[in-house]
Amino acid sequence: MSEQNSNALQTLAGALAAGSIETVDLTHTLDPDFPVIVLPPEFGQCARFRVEEVSRYDERGPAWYWRNFTCSEHTGTHFDAPIHWISGKDLPDASVDSIPADAFVRPVCVIDCSGESTADEDFLLTPEFIQAWEKDHGVIPEGSWVLMRTDWSKRSGADYLNMREDGAHTPGPTGDAVKLLVEERKIIGFGTETVGTDAGQATHLSPPYPAHYLLHGAGKYGLQCLANLDQLPATGAILVCPPLKIKNGSGSPLRVLALVERDSE
Amino acid sequence: MTEALKRPPKKDPQKRTTSPTLPPFARSRKAIAFTAAAAEGRFALQVCDACEHVTYPAREVCPKCWSMDLEWRDIPDGGKLISETTLRTSVNTYFRERMPWRIGTIQLDAGPSVLAHIHGDVGEFERVRMIARTDKSGQGVMMALPEKETPNMADDRQLRTLTCNPKFRRALVTDGRTELGQRVVKALADAGASRIFVGIAEQWRPYDGSEELQEIPGVEVMPLDVTDTISVNELAAEMGDKADILINTAEYVRPGSAMQRHGVTLARDEMETNYFGLMRLIQAFGHGMKARGADGDNSACAWVNLLSVYALSNWPVYGTTSASQAAALSLSQSLRGDFAGSGVKVINVLFGPLEESWRQPLPPPKVTPQRLADTVIHALTEGIENVTLGPVAEDVVRRYKEDPFVLERELTQLQMGM
Numbered sequence: 001m002s003e004q005n006s007n008a009l010q011t012l013a014g015a016l017a018a019g020s021i022e023t024v025d026l027t028h029t030l031d032p033d034f035p036v037i038v039l040p041p042e043f044g045q046c047a048r049f050r051v052e053e054v055s056r057y058d059e060r061g062p063a064w065y066w067r068n069f070t071c072s073e074h075t076g077t078h079f080d081a082p083i084h085w086i087s088g089k090d091l092p093d094a095s096v097d098s099i100p101a102d103a104f105v106r107p108v109c110v111i112d113c114s115g116e117s118t119a120d121e122d123f124l125l126t127p128e129f130i131q132a133w134e135k136d137h138g139v140i141p142e143g144s145w146v147l148m149r150t151d152w153s154k155r156s157g158a159d160y161l162n163m164r165e166d167g168a169h170t171p172g173p174t175g176d177a178v179k180l181l182v183e184e185r186k187i188i189g190f191g192t193e194t195v196g197t198d199a200g201q202a203t204h205l206s207p208p209y210p211a212h213y214l215l216h217g218a219g220k221y222g223l224q225c226l227a228n229l230d231q232l233p234a235t236g237a238i239l240v241c242p243p244l245k246i247k248n249g250s251g252s253p254l255r256v257l258a259l260v261e262r263d264s265e
Numbered sequence: 266m267t268e269a270l271k272r273p274p275k276k277d278p279q280k281r282t283t284s285p286t287l288p289p290f291a292r293s294r295k296a297i298a299f300t301a302a303a304a305e306g307r308f309a310l311q312v313c314d315a316c317e318h319v320t321y322p323a324r325e326v327c328p329k330c331w332s333m334d335l336e337w338r339d340i341p342d343g344g345k346l347i348s349e350t351t352l353r354t355s356v357n358t359y360f361r362e363r364m365p366w367r368i369g370t371i372q373l374d375a376g377p378s379v380l381a382h383i384h385g386d387v388g389e390f391e392r393v394r395m396i397a398r399t400d401k402s403g404q405g406v407m408m409a410l411p412e413k414e415t416p417n418m419a420d421d422r423q424l425r426t427l428t429c430n431p432k433f434r435r436a437l438v439t440d441g442r443t444e445l446g447q448r449v450v451k452a453l454a455d456a457g458a459s460r461i462f463v464g465i466a467e468q469w470r471p472y473d474g475s476e477e478l479q480e481i482p483g484v485e486v487m488p489l490d491v492t493d494t495i496s497v498n499e500l501a502a503e504m505g506d507k508a509d510i511l512i513n514t515a516e517y518v519r520p521g522s523a524m525q526r527h528g529v530t531l532a533r534d535e536m537e538t539n540y541f542g543l544m545r546l547i548q549a550f551g552h553g554m555k556a557r558g559a560d561g562d563n564s565a566c567a568w569v570n571l572l573s574v575y576a577l578s579n580w581p582v583y584g585t586t587s588a589s590q591a592a593a594l595s596l597s598q599s600l601r602g603d604f605a606g607s608g609v610k611v612i613n614v615l616f617g618p619l620e621e622s623w624r625q626p627l628p629p630p631k632v633t634p635q636r637l638a639d640t641v642i643h644a645l646t647e648g649i650e651n652v653t654l655g656p657v658a659e660d661v662v663r664r665y666k667e668d669p670f671v672l673e674r675e676l677t678q679l680q681m682g683m
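One line per chain: the protein sequences are A and B, in this order.
Counting in this note's numbering, the first sequence tops out at residue 265, every number present.
Counting in this note's numbering, the second sequence tops out at residue 683, every number present.
Everything labelled a hint here was simulated from the structure, so no lab data went into it.
You may find that some hints are simply not true.
Ranges of calculated distance between the beta carbons of each label pair, as one might list FRET restraints [unchecked claim]: (1) 203/A to 527/B: 54 to 60 Å; (2) 244/A to 556/B: 36 to 42 Å; (3) 60/A to 334/B: 53 to 59 Å; (4) 244/A to 423/B: 34 to 40 Å; (5) 417/B to 92/A: 45 to 51 Å; (6) 495/B to 31/A: 27 to 33 Å; (7) 54/A to 666/B: 19 to 25 Å; (8) 675/B to 203/A: 41 to 47 Å; (9) 605/B to 60/A: 28 to 34 Å.
Away from chain B, derived, C-beta distances all over 10 Å, residues of chain A [as the list claims (entries may be wrong)]: (10) 14; (11) 16; (12) 33; (13) 47; (14) 68; (15) 91; (16) 94; (17) 120; (18) 126; (19) 136; (20) 217; (21) 245.
Every residue, glycine too, gets a C-beta built ideally from N, C-alpha and C.
Please take these sequences and the hints and turn them into a complete structure.
Next comes the structure, spelled out in structure tokens:
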């Protein structure tokens, strides 16, 4: 290890100890009540988070408390691997257990769409919107995570999925926006506060579910059901998002953290 | 004298597998009672309650006294061959493929003369012993056997269409960790099974009898955990085309009723093995077996489920286990529907309390694992689909047939000392 690297980590350690770098939790609590994606009933459904006690200092185990939990790989705040989608099924290193670990610690850009999403629950993030953001914050660096802030995580219950007779109404990116991020900015992944990386009405876009189709087809990753994005700067934070190492896993619930530099003022 | 069955040659990989064809399967609703008795290996005909006349074939009224009270009863199985013919041509595909085929008329000691398949060792005008069995279409038929055992009698070509003899067949025993599993494996080897695949879950955990198990001729220990879909599918992908007989010895048993339990974790474990385990096995191995129901002398022939008799009616002392066994019994009936027309039999053995650790405090009479293993082999060699084993199970099944609601009351009433 070079001296420069070791200094960088020492500097980080010092900053963490001093509180000038803060750890922000971007994760919702795994809770049976947290909404999951709802598909047409003919399709297989996402398992809800459930817990059963094995023992709790009782006749089933006198000195110990432990539980079994069950859920989908896509329940709660979760990570999407490329093999989650058909477009990524034949890519190498495309399941959560085989993704190189450096993908899980990367710089992160946060595009604030909260105002637009409050005004229009079907707000679509376009290339023009991204380019306008870049005018203020600089071009998105290669290899970054890009998160779409909508403040959707502040919603709860029925308002979160926002289901109506014609399906869910939640914000997301257009296909062209995803293409820009993947092909030109060469990001490593894209994340949202909503239940999926795609908009609620994304089945009607072309291609359907463009974020899933294009991101995973290009070997990129997804994060969804994120929280606290309003506590992140537009640029400069580090995202930490290692999924569980599940054999051939298509995704995984996970704890997502961000390291954020706080102004000394 | 029947020629001894030879070890079937290895299959020619260029030849298409023969599809199962069926003997005639249409039966009247009345006649299905004959099939149900045949599935239990019982030889039953309608007997008139008014005049005791034995009737054949199945009828709505007694042909002698016109009474409507015809009851299916077990009748004496003795008789005499009074005429016979050997079919050398037929418009029925099933029989065309199996020519020549011997049929004849038997004068039963019980009265009527009946049409039946004839074993090759039965001579002209000889005394015979009748059996009723389900055939490849799943319907009950009669066959006349020699009155006394003859050499290689079980190898008779026509008889083998009614039985699931393990001789030269390959079997999968799904759980070899238990004494029961190991006894079943040994009994299969003794019965002439050519290869016995034995599933062992969690090979990183030691188990009693592992060395003796490996020494049984024909045994191949394979990783198999019926609670793990990936494990079941992987084994099926590896050797599923070689499972001629599948014997599901995996079971999960714990005492306790719903109120004696704390949470659903144990009940889930029961369902994972007893119900979902069976379902995983069916989904992984069912298709291959169904397609191989007519695949020569070592065709797929039987799926054997070993179930507690309390699958029929809940015994609260083992209340939640009983519930999972009831689910498994119901699923086995679904499998019968899936296998209908395939020539593969679903054999259910309902047994009373087994001599094993999780039933250790129960009083005798109990069924030993050896006795259960022997019973499985007997069911296979005889081709019997519904078997009841042990005095407790026999009592429960008898009561169940009489009135399931009375049985339910009996099993759930206050017990002395409980």
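Mind listing which of the numbered hints don't hold for this structure, in increasing order?
Going through the list in order, the structure violates hints 1, 4, 5, 7, 8, 9, 14 and respects the others.
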